[in-house]
Structures are given as structure tokens and as C-alpha cells.
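> This is what each chain is made of:
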Amino acid sequence: MDECDIEVGMKTGKQVNRETGKQVNTDTRRQVNRLSLSTCVPVYLSTFTRVYLSTSHILLWLLPLAFLVIAFFFPLSKIFTLTLSSSALTPENLQITNYVLRFTFYQATLSTLLTLVIGLPSAVLFSRFDFRGKTLLRALTAVPFLLPTVVVAASFTSLLGSHGLLNTILQSSNSLFPFFPLSSFILHPFLAILLAHIFYNTTIIIRIVGAALSNLDPKLEQTARTLGADSLRVWLKIILPLLRPSILAASLLVFLFDFTSFGVILLLGNSQLSTLETEIYFQAVRQFNLPLAALLSIIQLLSALAVSILYTRLVTRNPYPVSPRPTPSLKPKSIQQKLFVTILCLLLSAFFILPLASLPFRSFTRLEADRGQRGDVQYGFTTDYYKELFINRRGSVFYVPPFQAIFNSITYASATVILSLLLGFPAAFALAKPTPLEKILDPLIMLPLGSSAVMLGLGFIITYGKWLASPWLVPFAHTLVALPFVIRTLQPAIASIPQRLRQAASSLGASPFEVWKNIDLPILRRATLAAATFAFTISLGEFGATLLITRPEYPTIPVAIERFLSQPGGLNYGQAMAMATILMALTTVSILLIEKFRLPNNNDF
Amino acid sequence: MLQLTSITKSYNSKPLLDNISFTVAEGETVCLLGASGSGKSTLLRIIAGLESPDSGLISFGGVDLASTPPHLRDFGLVFQDYALFPHLNVNDNVAFGLKMRRMRQDEISQRVASSLELVNLKGFEQRSVNDLSGGEQQRVALARALAIRPRLLMFDEPLGALDRTLREGLLNGLRSILQKTKVPAIYVTHDQEEAFAIADRVMILHNGNIIRAGTPADVWANPQSAYVAEFLGLGNVIEGEVKGKIKSGEWKVESSVGEFVVMCKHKHSKGEKVHLLARPIAEQNNRWSSSSARAERTLSEGEVEDEASRDVSRPEGRIQNTVQSIVADVIFQQDKYKVTLDNGLYVYLKDAPKIGKKISVRVKIECLG
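Those protein sequences? They're chains R and W, same order as listed. Position 517, counted from 1, in the first sequence is what my numbering calls 523; the numbers after and before it change by one each time, with no gaps. Position 31, counted from 1, in the second sequence is what my numbering calls 34; the numbers after and before it change by one each time, with no gaps.
Isolated chain W (complex conformation):
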């Protein structure tokens, strides 16, 4: 449906968007995920026609949109701070786009009513938009965008101004509306949880490029770069140096927190710098947790035990890497404990170890290339 081809845009001769191309299929929800300043909002405004790209093509249903002004594009846009017209009440806000299309009055009231019903705001017609709560305002903004039956819906951090519980509720509502109406949607956010919850496909924008695109599950499983892993908060990103090849696809990598054996699709050469991802889901290695007394004593004398980190075993054919360090901090998080180690890594454990105790944990190490 929507197709972007080589969109480029710079501000004050600094490139903001560099050769961006992607498509949005019918009924699909695509999430543009990126840090603030990554150009994701600008990309939305370019699609809406509110800004023009320096170069590149935007087409919808095969029709080039370059000469279509924003008010003729039929794209709904919902902003973070709602942008409700403060001089109009709820009804007139939702009816605005319909009046612009010079629809009949009875048809307008019918559409307004059904849009408000869709967002659970039945009976709010005559309320002033300035008296509504943040969540209600956002739902009015959504109803207003839905009322024109847009060919494409765009959301610019729509839930950013709301608190956590309200956000979850609205997100669920939004997802069911998008499924019901089958409108293709582009959802811009910097919140990965929000993105993964609503998107059919996630695209991560960094330095003006889409550096990773795929289904939420795929991106989660294979971040493919240190930036994506770090941005999505998948775990500890460690820098390492390739020590040598063990066999095809298996490499020995040394890092500041220990030496690991990792599976990797890429080809590496000895001495090459690589990034590793240590997912925080870990198991405590019992052998080491029981030797805490000795570890405490040893460390109080300032000695470093490093031979243990080379402890590599492989039960049932899987590579097992172990990290060993002193517990620096323990934070309770509902059903688990976030344990920060002295070497900077953090892992989630079922039981809380004592701070200052030396532990050894089994972690899953992946190669990010």
C-alpha cells in the first residue's frame, strides 16, 4: 500500500534521514523505533506531506504522492500531546475532518457517534476538550483521526504523555481497533515494550538508517548489532576479541569479564574485535555459590580468581558459558532478583544472593558481530 523509496532529508546540511525505503502492507502495523532525534517524527511528517523530503518517492497504492498536499492525502495523524483544537468541543473536534469533506450533517453525527463509541467515549460529545483527562484526550484524538476513515493511520509517540497503567489499557484498545478496522498504521515510539506489543513489524531507526527490521520475535531473538541489543535492553553488551576458531561456527572470544565459546554465523579472524550479548536470564551455578566463604576471604585479600571463568562445559551439546564475580547489588523485581555483579554485568536470578558474596552463573552468550 504505502511505499517509501530512498527518502533523504537533512537539516542545516546535517543528514537526518539517509536513503530510507520500506513498505507498509494492507492492515499491517509497522513500528518505527528509535531514540529521540533519530528522525522518526520527521519521517512521519514527510509521509503526511507536512514536510517534503530532499529526495525520494512516496507512493500509496501505486500513486505518487509528491504533488498531493497533506489535506488531500487521507492520512490520519495522532500526536503525543493530542493537538486537540481547544476552541472546539469533543463533537466538533471529531467532526472537523468530516466537515472539511463537506459531508451531510446526519452522516457527520453518525460517524462521530460511531468513532466515539469505538474509543469508549460515548456521550462525551458536548464536553470541552480542556476538561478531559490525558487518556480521554488521547482517545478523542484517536476518534478524530478514525472518523475520516483514513487510508493510513500514523501515531507519533501517542502514549508518551500518559502514565504506565493508562498506557497499557490504551495500547490494548488501540490494537483491537487496528485489527477491527484493518487500517494500515505506522506507529512511532522510543519505547520498545510499546513497539513490541503493537507492531506486526518493527523497524529500528539509527543515524538516519533503518538498521534492523523484522517481526518483534525475530528482532528480539536476533538483534544483529550492538546498538539494537543495547537500545532494546536485551542484556549485557560486552566487547571482546576473537582468540581463535574451535570448529566451524564456534569461536573462542576473550573479554573483560571472561573467556567464552560462542556460536557465530559470521566469519572472524584472530584478533578481531566483536560484540557479545549476555542475556540476563541465568542460572546460578551451585558449585560456586557454595564456596562463598572461601571467595569472600580470597577477595578481601585483593586476589583475583580468573581460572574459574574459563570453566566451559557442554551438557547435551549446548555451549555453556559461566561468569563468576562478586555480587554488587540486588534489586527485587516481582518474581525475580536483578543481580548486578562487580564486573558490570547484570543477571536475573530466582533467589537473592548476599551482597559481597562471590557467585558463579551460567549465561547465554551470543555473538552480535
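Okay, chain R solo, but in the shape it has when bound:
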């Protein structure tokens, strides 16, 4: 009851009513305050306060929810009704669905297993051993995960594709050394997809399993050893069983990413290999079979949902307590350990550096005859591919000079930043002080994250097809993808501001707007910048939805790369490399900015 008196003493008067809408509870003491507030308010103050409290939250939610309904739930319902129509469930459609679904599961399973093969030893490497350059190598393995899919795909073609470094070098060496046994090397599309998926997701295994591995109590191993287990049996009987939940969780997450992968499969699969994602795109854009596309995307959505539910269950129900004294990482001692560390470091460095380095390298190197310049090939350094981006050639795949795509991308990204901050701020404020309303809305607002970008694009096509001519659909789609990230970046920052600061400011005479301007905004500046950069980066790299809804005369950078790559000829290829290099540079700068702005205690996933 003392609590109540304090609350009332503090909260009487006008400023309280306005303030309560932005209450935060980050520590237990404030939790108590909040609790006592909700139980005491109806008793001591009039019920008016309670009503006001929830209406302020409803006001905050108005815009974000309206956006979600228009951009996500309404299109989703359209896709559902289209699926249930008779034109969707034809025998041919079902046959294609069956084939595509099987291949999707097959490639995702295989990719996941192969990622584990690389990821598990790497997790051991990073959590158990200390060696020079460890932080750098660890950061390097995380880079692909942050890069747009088109950049990763372009990187792999730049190294191992038919115009790739390896193949062109082999071909030119063939003319010099006629008896060289390997005259050409082109990676099989399926292998390329698998490699790119490993490249993408190894970091997930390293992070999740590595964390679990270093959280293991070293005494468990030591005890097992004194009880007579040699090191092999310590791993088999103690460490692996204890790691099983985290290995499973990490595998499910990797599977989910491989299952919904779009850019990698479209660009590296050479149109021969099709998963649910790419087939949605083919059916919707090339075959105009919208019912089948809808059917495929519903199957995709349900499968992804099932995997995420499984994952959440696994993560929330970890049976083993975490050790208070985690296992330290040590310098490799025995010969086997030194060998393991050296070989794996070399392997990882090669695997992660080569594709990323070969992309910019290839974009500045002429290795073959350009289209229309047969015969006279000048090998060596060139900036032609970049220069060519500014020229609007006849017979080019664009109606506009290709560099226009960079301009478009930046315009779209800026619009996405403004839109997602506009919608993200009120939602984050509401979520920072959860009421029962937020319990329902929180998972709802994260839903677009779990659905594939191609499906979001398909929803736009089906629902807002008549506005497809407008370039303004694109930032809306990008905002849908970026909004969860923006909210999740802003929310903890808002929650971290002590309510006392706001109360102190208002007791000193600041109006609610002045409180927001002078207290919240300066403190939130870093988080806002991080959220903005997040939105910007996501928009720059967004591929799936954009490819479906963008107009040919308004290409973005990823769309331009796709078009260049799908055209024959060295010049188109070179321009794709140049464009991808520009995108890689832009993204890298953005990632570094996010790292700079982000609160230090934020998690990675």
C-alpha cells in the first residue's frame, strides 16, 4: 500500500496522465512501480487514467497497424483466396508444386548438412582456441551474412562461373600451354548454390554452437576425463550430447534461410534449378500463372512457419543450466591441435576471402573479348565496366543509362528510411512499455520477417496490380521488410531511458513535446541513426520483392545486376561485376555505420 501512496504522490496532476503513455520498465524496481500503478490507479485515481493510457497506445499503433494491414495482411488474404480458387489446384499445378517442393527440401537439407560440416569445426576453432587474427577471421565469416544475396551470388560467379576468374584464366592459359589438362572450369549450378549457402550461413553455426560450446562448464570435461573417458569419448558422450539443442537450433535456422533463399538460386541456378521461391517468381512474372504462384507461396509460408515454430520451441526450452564459469579459449598446444587450427584457418580464409576479393578484382580486369570486339582482346586492368554504366547504348538491357539504377536505389532507400522511421517510432514507443495490447501486436508486427520477400512482392502484384506503373510501390515493400529491424533497434533504446529523467524534466516545467525533444531525442540519436542505416541497407540489397514489382525503367542495383548477368557477353558480365562491387561497397559502409551507432549490448540475431 505504501507503493500506492508513492505512486499517487508522484503521479497526480496533468503531467502524469500524459506521461503514463511512455512508461518504461527495464528493471525490477520499476516493474514494481508499474505493477502497483496498474493495480492502484483505478482505486486512487479515476478510471479516466486507465482509459487514457490505452487510448494513447491505440493512437501510437494507428499508423503502423494501418500500414501492416494495407501492405501485408490484405495482400496475404488475397493470396489465400486465390489459392483456394479452382484454378490453383489443377493437376499440372500440383505436379509442378510437388517437384519444386521436393527440390526445395532437398537443396535446403543438403545445404544445411554441408554448412554443419564446415560450421561445427569452425565453432570449435573460435570458441576453444586463441590464435593471431582470430577476431578478424571471425568477423570475416560474418560478412557474407550481412551482404545482399545478389552480391554473394555475383561473387561466386566472379570466381567460379563461366566468365569467372578461374575459368577465364584456365582458358587463356590453354592457348599458351596447349597440353594443360584442365582447359576450363565452370562450377555446376547446383554445387554453386550449395557453396553460396555454406558461405552465407556458416556464421550462424559458429555463433550459436560456438556460444554454447564456450558456455559449457570445463569441469564436466575434466570430471569425465578423471572417470576414464579419453578425449574422443569426452566429445561423443559429454560435449556433443550437451551441444545437441544448440546444434539443432542452429541447423533449423540455417535450414530456414536455405529454404527461403531466392537471389542465390535465381542467379546461380541458371534457370534450370527451381525452388519454391524462384518458381513463385517464374510463375508470376514469366508464365503469368498467378494462382500457381499463390499456391506455392502459401506452401512456402506454412513450411517456413512450421520450421520457425520448431526453432522457437527449441530455443525457449533449453534443458541444461548455463555454467557460471565458461570454458576459456586457449592457445593450441599439441601437434594435432596446431594442425587443426592452422588447416582450418587457411581453409576458412580462402573460402571467405577468395569470392569477396575476386568480385572487385574481376570488375577491374578484362580477361576476354567484349561483345562486338571479337579477336582483339587486351588483357589487363580496365575501368571500362564502370564507364559503361554511364552510357545508354542501343541494345542495352535498359532504357536508361545503368548508373540510373544507383540513383533509383538510393532514392528508394531514402524513402524507405523515412517511411520505416515514421512507422517504427510509434510502434517502438508502444512496445517499450508493453500493455496486454502489445502482447498480441508484438508477434504480429514481426510476421513479415518470417514470410519471404517474393511472396510479399506477389501480394503486391495481386492486390495492387493496377498501380504497378508507379515507382512508389517499391519503398512500401522495402519498408515492410525493414520495419521489424527498425522497431527492434529502437525499442530497447527507448526502454533504456529511465522514466525518472522524463519526470524530472516535466517537473522542471517541460511540456510533453519538450520532454520528447530534449530528453528522448538526444538519447535516441544513436539508435535512430542505427535504425535508419539498417533500413537503408535492407532497401539497397532487397531483391525478391523488388524484382517482382519494379518497373523496367526504374531498376534498382540488385535488379540491374540480375539483368546484366542474365544477358550474354563479356561487357554485360563486367558491368554486373562493377555494379555488384558498388553495392558491396555501399553495404560495407552501412554495416560499419550500424556497428558504430548500435548499442554495445545488442544481440546479433
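Hints were generated in silico from the structure; no laboratory data involved. Note that CB positions come from ideal geometry on N, CA and C, so glycine has one too. Misleading hints may appear alongside valid ones.
Stated by the list, open to error - Sample of chain R residues facing chain W (criterion: CB under 7 Å; computed from the structure): (1) 228; (2) 236; (3) 247; (4) 319; (5) 322.
Unchecked claim - Dumping the calculated DSSO-like pairs for lysine-lysine here, alpha-carbon to alpha-carbon at most 30 Å: (6) W/248 x W/270; (7) W/360 x R/243; (8) W/125 x R/225; (9) W/270 x R/225; (10) W/125 x R/243; (11) W/270 x R/344; (12) W/17 x R/140; (13) W/341 x W/360; (14) W/17 x R/339; (15) W/276 x W/248; (16) R/225 x W/102; (17) W/185 x R/225; (18) W/353 x W/273; (19) W/268 x W/255; (20) W/276 x W/250; (21) R/243 x R/393; (22) W/341 x W/367; (23) R/225 x W/255; (24) W/273 x W/357; (25) W/17 x R/337.
Put chain W on the given structure of chain R with help from the hints.
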């Protein structure tokens, strides 16, 4: 049985263990006593083979263990936080070492049952180790170590995480098990009460050296150094200066709390600094307790009475030293009172004096060298 010869180990070029040598005889329980960071746990891990010493030899039954990996040493190890395998139930935890030895299934169940019986956990086989209480978990850990019938048992602060009453019960159980099985044991702890209760022999580790070793009674009676006396909490350790020799083995020492006559085996010279131990078991000197009124008055005027502390008498040939000061604090402790004096000393008395009263007490002063 177990013999350590000149074990040395340093961390980041800082010496942690410096030339440690000792033996553990058959059926003997040796206690390694030391403050945290004294290297006692590291020494255990070295004996277990989990870490290797920079130099030195470890042998068991005359066989050098340098090339024996930990899983072939047959040494049981019990940790403070139990280190039970969370993915295995009680039965599988206790059976783990037996399965590693590829014993027959019926033999394993027999051994598990007898080990659990030894620690009073009969019928706990199918329980999950995560649902057990701290004391039960510790007993499972003990049963697991006992099940392999180890040649040596090692305990690393095994009762440190448990509360006092539980600790006493487990300590008694442990002592009777060690007596019954006659397994040689090394017990590491920082708690001197625990060490004295269980050990046949106590070794005190400080700055990487064993600075005192002996039976509990011997170490208690003759701590031999200021550190040991202070670490074991034997009483007040006072610094003093030798004033002169009275006769052979008897010295006059002056300190901040008074001048004393002490017996000492060592030879001292005048002006030498020595450490004295004033055991807190004391008798109140009636002459002084009755003069409290005068003392209070005197002290309220800020005078210092120091002639009384030179009051040295020798009834029945024993040296009697007296300390006189004002009572600063009195704490009730079951059958006695812990009385802290103004000069920093504390003594145990049967009756509680008033705080602020000036008293004189007879104390036993020993020379620590």
C-alpha cells in the same frame, strides 16, 4: 603411495606453485589449506593430469605418471559445483566411469547401487540430476567418484556451495566413507574448520609454498608463522620488538598493546622484530575489573594508564601476561562473549563486561618467530 617431487608451475610467467613436494600415504587424508588463488586447485588438476607442471615429478606406487593421461590414472575428482552431467540421470552419472571401463552391465548396476547406498541415495537412480538439492547433487558426485574404486580421491572445495548445517552432515558422512574405504584422499579447502575436521594431515599453501604441514593438533598448537596463525584464526597476531633476554628461552618483548615475557625456542637479538600470538582464551583479572569506576573516570580525562600492562606475575612457574584496555564491543557467542578491546585485541570471556569499562585480562602469549 602418491608422491610429488618439486612440482613447479607458473601462469603468465608468475610463479603459482614453487617446488612443491609431499607424499600421501595409504588410507591417509591430506588437506591442502590455502586462501583463494594460492594454487591449491591447480595442484589438484596437476595431480589429476588435467594440467601439466612446468617441472617436477608425480608418481603413484613408485610409477611415474608423466605419460599417463588423466583418463588412465584412476583418480577420482569431486568439484565444488559437482560437475554432474546434466544430460544424464543419477544412474548414468554414477555409471559413467564404469561404462568407460567397459564393465559388464550387471556389474555396473551392482556397483552403482552400492555406491549410491554408501552416500545414502538408494532409490535415486532414475532421478534427473537437475532436480536434486545441492546436498544430494554433491552426494551423487561423490558416488560417481567412488564407483570407479579410485586409487586416490581428490576433493576441490567439495562443500563450499552448501550451507553450514548441510556441510557438517556431509563432512561426517565423508569422513566415515574415507575410513571405511581406506582410499587415500587429498582434500582442498579454504575453510580451516573443515580441514581440521577431516584431515589426518594438514598442509597450508601460501605464495606457492607449503609453509606448514602437520597433524591438525600440531598445526593448531604450533602455527610457527604469523600467516598461519592469522589464516587459521588462532587469535590476535601482534608485532613486537625484542627488548632483552630474561633467561634462556625467555624474552622480554614490547608491543603496541603492552610489554610481555614470552617463551621462545628461537634465538633473538635485542631490537629484533617478532610476531606474537595472543590466544583469545583469557581470564578476567578481578583486581582490574573491580576498579572500573576509577578507570572510566581516568580515561574520560584522556589519560593513558600503561604501568598496569607491565604487571607480570608467575604463579606455579607459568608465565602470566596481562593486557589491560577499555571494552570496545561485546558480542554474545553461545557459551561465551567475544570481547573486543580498544587496543584492537579480542578475547573470549565467560561474563560480559560493560562497554566502555576498563578491564584487565590474563592472556597466553606465544612467540611466532
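> All hints, please: hold or fail.
Outcome of the hint check:
{"no.": "1", "hint": "228", "verdict": "5 Å, holds"}
{"no.": "2", "hint": "236", "verdict": "5 Å, holds"}
{"no.": "3", "hint": "247", "verdict": "5 Å, holds"}
{"no.": "4", "hint": "319", "verdict": "18 Å, violated"}
{"no.": "5", "hint": "322", "verdict": "17 Å, violated"}
{"no.": "6", "hint": "W/248 x W/270", "verdict": "10 Å, holds"}
{"no.": "7", "hint": "W/360 x R/243", "verdict": "68 Å, violated"}
{"no.": "8", "hint": "W/125 x R/225", "verdict": "26 Å, holds"}
{"no.": "9", "hint": "W/270 x R/225", "verdict": "49 Å, violated"}
{"no.": "10", "hint": "W/125 x R/243", "verdict": "25 Å, holds"}
{"no.": "11", "hint": "W/270 x R/344", "verdict": "58 Å, violated"}
{"no.": "12", "hint": "W/17 x R/140", "verdict": "26 Å, holds"}
{"no.": "13", "hint": "W/341 x W/360", "verdict": "15 Å, holds"}
{"no.": "14", "hint": "W/17 x R/339", "verdict": "20 Å, holds"}
{"no.": "15", "hint": "W/276 x W/248", "verdict": "14 Å, holds"}
{"no.": "16", "hint": "R/225 x W/102", "verdict": "19 Å, holds"}
{"no.": "17", "hint": "W/185 x R/225", "verdict": "26 Å, holds"}
{"no.": "18", "hint": "W/353 x W/273", "verdict": "37 Å, violated"}
{"no.": "19", "hint": "W/268 x W/255", "verdict": "14 Å, holds"}
{"no.": "20", "hint": "W/276 x W/250", "verdict": "19 Å, holds"}
{"no.": "21", "hint": "R/243 x R/393", "verdict": "61 Å, violated"}
{"no.": "22", "hint": "W/341 x W/367", "verdict": "16 Å, holds"}
{"no.": "23", "hint": "R/225 x W/255", "verdict": "53 Å, violated"}
{"no.": "24", "hint": "W/273 x W/357", "verdict": "39 Å, violated"}
{"no.": "25", "hint": "W/17 x R/337", "verdict": "18 Å, holds"}
Consistency with the previously given hints fails for numbers 4, 5, 7, 9, 11, 18, 21, 23, 24, ordered from lowest to highest.
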